[in-house]
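**Q** Based on the provided sequences and hints, a complete structural model is requested.
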Amino acid sequence: MTDVLCDTSVVVKWFHEQDEAEVRPSRLILDAHAAGRLTALVLDLTVYELGNVAARPLGLPGDRVAEILDRLELICDQGLHLSPAARRDAAELAAAHRLTFYDVAYWAVARERSITLVTADVELLKVGAGSSPTDFVAAHDLHAGPGAGLPE
163 MTDVLCDTSV VVKWFHEQDE AEVRPSRLIL DAHAAGRLTA LVLDLTVYEL
213 GNVAARPLGL PGDRVAEILD RLELICDQGL HLSPAARRDA AELAAAHRLT
263 FYDVAYWAVA RERSITLVTA DVELLKVGAG SSPTDFVAAH DLHAGPGAGL
313 PE
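At position 33 of the sequence shown (counting the first as 1) the number is 195 in my numbering, and the numbers step up by one without a gap.
Just so you know, not all the hints are guaranteed correct.
As the list claims (entries may be wrong) - Computed spacing ranges between beta-carbons, pair by pair:
id, residue 1, residue 2, range
1, Glu182, Pro223, 11 to 21 Å
2, Ala197, Ile277, 12 to 22 Å
3, Asp206, Glu254, 28 to 38 Å
As the list claims (entries may be wrong) - The calculated SDA-like cross-link candidates involving lysine to any residue, where the alpha carbons are at most 25 Å apart (straight line), are:
id, residue 1, residue 2
4, Lys288, Asp303
5, Lys288, Asp181
6, Lys288, Ala247
7, Lys288, Pro223
8, Lys288, Leu261
9, Lys288, Ile277
For the record, the hints were derived by calculation from the structure and aren't laboratory data. Glycine is no exception: its CB is placed at the ideal position from the N, C-alpha and C atoms.
**A** Here is the structure:
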């Protein structure tokens, strides 16, 4: 089975679609995970980033933010931790590419595990850090299925 690391730019689309690009392919990845066709992984950092996005830019009430984070844990457990080697790699990637440490942390973990990072982050995609949801879905023939994502 294929493991894939999804960053917060993808995970947010599992729970929110207004003004978001690449919702359908992001949800097709979620559907494939739910069907056992791949394993979608996240970092432990994702809960903090997703909580921040849900609370601040999206302005969701606290109970809704907590519900989303609980659902994320049901989908992807508690998230992967950065190993000492991945932390070093992330620090080097951040400096070399002038990107934030927390964004390249996903890239470093994906590199360490030899798995694909799926990201909608334009800056990460520009430096070749991962695959967009659209490209990943096409490469892995995930077009089958409803692409509905999480039920309400």
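**Q** Give a verdict on every hint.
**A** Now the hints, each set against the structure:
{"no.": "1", "hint": "Glu182 with Pro223: 11 to 21 Å", "verdict": "holds, 19 Å"}
{"no.": "2", "hint": "Ala197 with Ile277: 12 to 22 Å", "verdict": "holds, 19 Å"}
{"no.": "3", "hint": "Asp206 with Glu254: 28 to 38 Å", "verdict": "violated, 21 Å"}
{"no.": "4", "hint": "Lys288 with Asp303", "verdict": "holds, 23 Å"}
{"no.": "5", "hint": "Lys288 with Asp181", "verdict": "holds, 22 Å"}
{"no.": "6", "hint": "Lys288 with Ala247", "verdict": "holds, 24 Å"}
{"no.": "7", "hint": "Lys288 with Pro223", "verdict": "violated, 34 Å"}
{"no.": "8", "hint": "Lys288 with Leu261", "verdict": "holds, 11 Å"}
{"no.": "9", "hint": "Lys288 with Ile277", "verdict": "holds, 18 Å"}
Hint check: violations occur at hints 3, 7; the rest are consistent with the structure.
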